[in-house]
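Here the protein sequences line up with chains A and B, keeping their order. Throughout, this note's numbering is defined as the position within the first sequence, counted from one, plus 59. Throughout, this note's numbering is defined as the position within the second sequence, counted from one, plus 120.
Check each hint, because a few of them may be wrong.
Pairwise CB distance ranges (calculated) [claimed, not checked]:
(1) E98(A) with E328(B): 19 to 29 angstroms
(2) N249(B) with K105(A): 37 to 47 angstroms
(3) D271(B) with Q62(A): 29 to 39 angstroms
(4) H174(A) with Q242(B): 55 to 65 angstroms
(5) K105(A) with I182(B): 49 to 59 angstroms
(6) K191(B) with S102(A): 21 to 31 angstroms
(7) D168(A) with E328(B): 42 to 52 angstroms
(8) N123(B) with E98(A): 40 to 50 angstroms
Source of the hints: derived by calculation from the structure; they are not laboratory data. The structure presented is a predicted model; accordingly, all values stated were derived computationally and were not measured. Glycine is no exception: its CB is placed at the ideal position from the N, C-alpha and C atoms.
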Amino acid sequence: MKQKAIKVMLIDDEVAFANTLAQRLRMRDLKVDTAYDGEQALSKLKQAETDIIVLDLKMPGMHGMEVLKEIKKAYPDIQVIVLSGHGTDKDEEEARRLGGFDFLKKPADIDHLEHKIRKAFQEKDYVGNCFC
Amino acid sequence: MENKNEALRLLQIRFIGKILAAFTHEIKNYISIIKESAGLMGDMIKLGKKSRNEPGEYLEIIHSIEEQIEKTNDLFRYLNRFSHRMDTEISSFNVNETLEELIALLTRFANQRKISLEKDFQRDIPSMNNNPSMLQFLVFHFLEEKITRLDKNSRLIIKTESANGSTVIRIIPKGNLLDIDKDKENFTYELQDNVVRQLCGNISLEKEETVISVPLTPS
Numbered sequence: 060m061k062q063k064a065i066k067v068m069l070i071d072d073e074v075a076f077a078n079t080l081a082q083r084l085r086m087r088d089l090k091v092d093t094a095y096d097g098e099q100a101l102s103k104l105k106q107a108e109t110d111i112i113v114l115d116l117k118m119p120g121m122h123g124m125e126v127l128k129e130i131k132k133a134y135p136d137i138q139v140i141v142l143s144g145h146g147t148d149k150d151e152e153e154a155r156r157l158g159g160f161d162f163l164k165k166p167a168d169i170d171h172l173e174h175k176i177r178k179a180f181q182e183k184d185y186v187g188n189c190f191c
Numbered sequence: 121m122e123n124k125n126e127a128l129r130l131l132q133i134r135f136i137g138k139i140l141a142a143f144t145h146e147i148k149n150y151i152s153i154i155k156e157s158a159g160l161m162g163d164m165i166k167l168g169k170k171s172r173n174e175p176g177e178y179l180e181i182i183h184s185i186e187e188q189i190e191k192t193n194d195l196f197r198y199l200n201r202f203s204h205r206m207d208t209e210i211s212s213f214n215v216n217e218t219l220e221e222l223i224a225l226l227t228r229f230a231n232q233r234k235i236s237l238e239k240d241f242q243r244d245i246p247s248m249n250n251n252p253s254m255l256q257f258l259v260f261h262f263l264e265e266k267i268t269r270l271d272k273n274s275r276l277i278i279k280t281e282s283a284n285g286s287t288v289i290r291i292i293p294k295g296n297l298l299d300i301d302k303d304k305e306n307f308t309y310e311l312q313d314n315v316v317r318q319l320c321g322n323i324s325l326e327k328e329e330t331v332i333s334v335p336l337t338p339s
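Chain A on its own, in the form it takes in the complex:
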């Protein structure tokens, strides 16, 4: 039986970075969509089912932390992995407090990122099925 493809949304204002990383993740059999700022991401989330979000922090307009807060409020089942080039320990703490699944630093190893996405997906099912 074919496994369900994991639906990932990459949110990053660096268009070239987002598109290239999306391509690499697609080559690893993930279904990837991109958004280039927080507002666009929130609008896309209304229309498309998403399992995992990979989120940058420093973006024009809405900061990544605000986006994370909004996502967890509207879609608590979606797992969010923060991928930031400039995050501090304090940012990591804040992201986890807001419900972020993991915090990675750019540039991240692609295999490591893929592993985190798959792990987040497994735990998403677990969180969805339990009463915690």
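Given the structure of chain A, go ahead and fit chain B onto it with the hints provided.
Chain B alone, transformed into the frame defined by chain A:
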């Protein structure tokens, strides 16, 4: 007097810190893109996903890498020039070049607020003999202040012109400016005045437009 000088020194250190933060942020982004692009080529070889347009795809990725390296190189050039402005207190310089590097290093900060920085420089503007680093510090303050106060999706025009033996720099906001709490302002009028006196120039505010006028040669 000593306190005033100390306050000014702290603001100058903060200014350099902000420029370095903007620079490293941008460079790190370029490096991340280069890494992912190289990784993508590696994936295409390793994972063996063939496509009909393979050579074209490789060339496209190589072009993207070259583009990022070029951007990195430009930014390093600006930072290098910016650093050398501090070599001597007074030197001969082109005001447009001085502002160009400041704008390049501040673009990221403006983008974060969705503000576009636009240059309207007079061509063939005469060279100045003054303190370029201090001038950058002064202009930075007003750019930062206006970027912070402007509504999203606004424009900020930086205009240069020469008039009566002086260079005039106009910082023109195009958009709604939010009010600021003057009491929380670090770069007080007193400190601004101190910097302007060192440049032998003057500052005025015409509506919301900041006008900095600096003589080509301080008397």
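Here's how the hints hold up against the structure:
no. : hint                                     : verdict
1   : E98(A) with E328(B): 19 to 29 angstroms  : holds (27 angstroms)
2   : N249(B) with K105(A): 37 to 47 angstroms : violated (59 angstroms)
3   : D271(B) with Q62(A): 29 to 39 angstroms  : violated (47 angstroms)
4   : H174(A) with Q242(B): 55 to 65 angstroms : holds (56 angstroms)
5   : K105(A) with I182(B): 49 to 59 angstroms : violated (38 angstroms)
6   : K191(B) with S102(A): 21 to 31 angstroms : holds (29 angstroms)
7   : D168(A) with E328(B): 42 to 52 angstroms : holds (48 angstroms)
8   : N123(B) with E98(A): 40 to 50 angstroms  : holds (45 angstroms)
Going down the numbered hints, you'll see the structure goes against 2, 3, 5, while the others check out.
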